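**Student:** The primary structure of each chain is shown beneath.
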Amino acid sequence: MKKLIVVLLLIFLFNLNANSYSKTGYKNFKEITFYNDGKLLVEMSQSEIDKGFKKVKRKFWGWQTHYFYLNEEASFIGEEIFSRSNRSSTPYEFDYHLKEMTLSERTRKATGSISIKTKGKMSKFDLNLDGELKGEIGSKDSTTVTEETKIKMQIMPNTKLTLRVAGEVYVSNGVACYYVLGITFKKGAWETIDISTLYYELVEENLI
Amino acid sequence: MKKIYVISICITIVLVVTIGILFIIKRHQNELKVTVIPKDYHHLFLSNEEMAFDVEILVNSKDSSLTNKELINKVYIKDQDQMYQLQLLQIKDLEKTLKIKSDIFHKYIFHFILIGEINNEAINLNKAFLSIETPKMTFDLYIGNVSFLKVLNFGSPNNELAINYLKGVTVEENFRKKLCAIIIGFRNNSSSTITVNNVEIICENISFSNSEKIELAEPKIDNLTINYDLYTNYDNSKIYFNLNANEVKYFLLPIKYLQPKYLSQCGFKIEYEKEGVSHVMYFDDFLFFTEQSLSHQLLNNLVIYLYGNH
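Residue numbers (this note's numbering), protein chains in the order written: chain E, 1 to 208; chain S, 209 to 518.
These aren't lab readings, by the way, just hints derived from the structure by calculation.
Bear in mind the structure is a predicted one, so any value in this text is a computation, not a measurement.
Take the hints with a grain of salt, since some may be wrong.
[Claimed, not checked] Derived PhoX-like pairs (lysine-lysine); straight-line CA-CA distance at most 25 Å:
hint: 1; chain 1: S; residue 1: K446; chain 2: S; residue 2: K477
hint: 2; chain 1: S; residue 1: K309; chain 2: E; residue 2: K160
hint: 3; chain 1: S; residue 1: K304; chain 2: E; residue 2: K124
hint: 4; chain 1: E; residue 1: K117; chain 2: E; residue 2: K30
hint: 5; chain 1: S; residue 1: K421; chain 2: S; residue 2: K457
hint: 6; chain 1: S; residue 1: K358; chain 2: E; residue 2: K152
hint: 7; chain 1: S; residue 1: K477; chain 2: E; residue 2: K23
hint: 8; chain 1: S; residue 1: K247; chain 2: S; residue 2: K286
hint: 9; chain 1: S; residue 1: K309; chain 2: E; residue 2: K124
hint: 10; chain 1: S; residue 1: K482; chain 2: E; residue 2: K152
hint: 11; chain 1: E; residue 1: K124; chain 2: S; residue 2: K307
hint: 12; chain 1: E; residue 1: K117; chain 2: S; residue 2: K304
hint: 13; chain 1: E; residue 1: K150; chain 2: S; residue 2: K270
hint: 14; chain 1: S; residue 1: K300; chain 2: S; residue 2: K270
hint: 15; chain 1: E; residue 1: K152; chain 2: S; residue 2: K247
hint: 16; chain 1: E; residue 1: K160; chain 2: S; residue 2: K282
hint: 17; chain 1: E; residue 1: K150; chain 2: S; residue 2: K358
hint: 18; chain 1: S; residue 1: K270; chain 2: S; residue 2: K282
hint: 19; chain 1: E; residue 1: K150; chain 2: S; residue 2: K315
hint: 20; chain 1: E; residue 1: K150; chain 2: S; residue 2: K247
hint: 21; chain 1: S; residue 1: K421; chain 2: S; residue 2: K482
hint: 22; chain 1: E; residue 1: K124; chain 2: E; residue 2: K27
hint: 23; chain 1: E; residue 1: K117; chain 2: E; residue 2: K23
hint: 24; chain 1: S; residue 1: K469; chain 2: E; residue 2: K160
hint: 25; chain 1: E; residue 1: K150; chain 2: S; residue 2: K304
hint: 26; chain 1: S; residue 1: K304; chain 2: E; residue 2: K27
hint: 27; chain 1: S; residue 1: K477; chain 2: E; residue 2: K152
hint: 28; chain 1: E; residue 1: K30; chain 2: S; residue 2: K428
hint: 29; chain 1: E; residue 1: K59; chain 2: E; residue 2: K160
hint: 30; chain 1: E; residue 1: K109; chain 2: S; residue 2: K304
hint: 31; chain 1: S; residue 1: K300; chain 2: E; residue 2: K150
hint: 32; chain 1: S; residue 1: K469; chain 2: E; residue 2: K150
hint: 33; chain 1: S; residue 1: K428; chain 2: E; residue 2: K27
hint: 34; chain 1: E; residue 1: K152; chain 2: S; residue 2: K457
hint: 35; chain 1: S; residue 1: K477; chain 2: S; residue 2: K421
hint: 36; chain 1: S; residue 1: K421; chain 2: S; residue 2: K469
hint: 37; chain 1: E; residue 1: K160; chain 2: E; residue 2: K30
Kindly produce the complete structure, drawing on both the sequences and the hints.
**Tutor:** Okay, structure coming up:
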């Protein structure tokens, strides 16, 4: 009986964890829609990824990459920056100061034996895969333009005020192999999402 | 003997050239490079509030008088006709860098408030410069256009007229995105009809284009970046519509510019009438979008200010 409870608990926790990530596989991007042809790693089958590995040419030393998509433009729906409900009978004065965005300019993902190293706010693929991809990925200089906003609003009784973020991104993905003396040392799939523009959306909704 | 002369002259020439090159390199290394990405600063303030604003300044050194608050004597903001004194409250090192051409620039945020006697409720500076005085030199940096306005309050009495939706639409011009339209929702929270007589952007030489206004069934359009001519057929005629009791209406309001400006944030003034009484409502400035990346072309065209002996 105890075992059954533990198994059920594990299944519940696993499901909870799986649901905490959106269908894009990224916490920050609830939905990504490509303007033209494009696919995220999470939408690719294993056979599609394996076909990519077959296209990687062996070399004596270093990274060799095959791109599925390079700087493919897409739009995304992101997180809620704030959401305040007023369920009282009196108006509520709301003062919000947005100083720093929580989204970083580039988001990375890696599978297989490629790993991502994170240092403070910075993250990088291991063995300088970034250096190998640089120059091709991201058509623009990666830099956050620091803007800030303050907003003063009244939230009326039984209404909810939400500030959401959406935007435009460049998606690049592919597979890569790292060779040492011609032998595959590391291999995996990788993906980068570069945010080009963030749009803010203010929505006030009735709660009744 | 002749050989010795030739060798001596050659050595002298080599030495002079080497010293010259070293001198130029040394001078180049000591040169302080400063730049600002120009934009328009539009802010609304309540009448009892300080007029506070931030400017992002990019500097190629972490050790200069410009980024040492203790060494800054006076700061002004000015254009050709007006000048206002500022108080520097804080210099914040964002610990982020940006490569422009071959130089690495460090990002700093300078936080200011306007001080001194300000008679006007509105301040408009066209092509404004930030002037920062240190004991050794004055840094004059072009920052863009400035428009500050003080208002008595935000919103309408009892929130009878509310803006319940806002989102920006952009167009790309000269490697930058600009606000070219907004999607806006209005809700009448009262039990009487409200007549909106005008909706204005609080920014000089920019207006909603009434003739191109579209009423939307829901606040959605397919693309957030569109092709749109910002300048032809400038139309600042009044935006007029009725809202029945508890009614919600959404509009796509295109924007026309009289002159090129970089607009990503703005507030609104709404004139309306309810039960024969006229009201003016202000909506606090709203940031519609931020560009997370800038094109190489834009960065390469930035004005870089050079200072020796900083």
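**Student:** Hint by hint, note whether the structure agrees.
**Tutor:** A quick look at each hint next to the structure:
no.: 1; hint: K446(S) - K477(S); result: 12 Å, holds
no.: 2; hint: K309(S) - K160(E); result: 47 Å, violated
no.: 3; hint: K304(S) - K124(E); result: 16 Å, holds
no.: 4; hint: K117(E) - K30(E); result: 24 Å, holds
no.: 5; hint: K421(S) - K457(S); result: 12 Å, holds
no.: 6; hint: K358(S) - K152(E); result: 14 Å, holds
no.: 7; hint: K477(S) - K23(E); result: 41 Å, violated
no.: 8; hint: K247(S) - K286(S); result: 15 Å, holds
no.: 9; hint: K309(S) - K124(E); result: 23 Å, holds
no.: 10; hint: K482(S) - K152(E); result: 24 Å, holds
no.: 11; hint: K124(E) - K307(S); result: 18 Å, holds
no.: 12; hint: K117(E) - K304(S); result: 19 Å, holds
no.: 13; hint: K150(E) - K270(S); result: 29 Å, violated
no.: 14; hint: K300(S) - K270(S); result: 12 Å, holds
no.: 15; hint: K152(E) - K247(S); result: 23 Å, holds
no.: 16; hint: K160(E) - K282(S); result: 45 Å, violated
no.: 17; hint: K150(E) - K358(S); result: 15 Å, holds
no.: 18; hint: K270(S) - K282(S); result: 21 Å, holds
no.: 19; hint: K150(E) - K315(S); result: 21 Å, holds
no.: 20; hint: K150(E) - K247(S); result: 17 Å, holds
no.: 21; hint: K421(S) - K482(S); result: 23 Å, holds
no.: 22; hint: K124(E) - K27(E); result: 18 Å, holds
no.: 23; hint: K117(E) - K23(E); result: 24 Å, holds
no.: 24; hint: K469(S) - K160(E); result: 34 Å, violated
no.: 25; hint: K150(E) - K304(S); result: 23 Å, holds
no.: 26; hint: K304(S) - K27(E); result: 24 Å, holds
no.: 27; hint: K477(S) - K152(E); result: 15 Å, holds
no.: 28; hint: K30(E) - K428(S); result: 17 Å, holds
no.: 29; hint: K59(E) - K160(E); result: 58 Å, violated
no.: 30; hint: K109(E) - K304(S); result: 23 Å, holds
no.: 31; hint: K300(S) - K150(E); result: 18 Å, holds
no.: 32; hint: K469(S) - K150(E); result: 21 Å, holds
no.: 33; hint: K428(S) - K27(E); result: 24 Å, holds
no.: 34; hint: K152(E) - K457(S); result: 22 Å, holds
no.: 35; hint: K477(S) - K421(S); result: 17 Å, holds
no.: 36; hint: K421(S) - K469(S); result: 21 Å, holds
no.: 37; hint: K160(E) - K30(E); result: 20 Å, holds
In terms of the numbered hints stated before, the structure departs from hints 2, 7, 13, 16, 24, 29, listed from lowest to highest.
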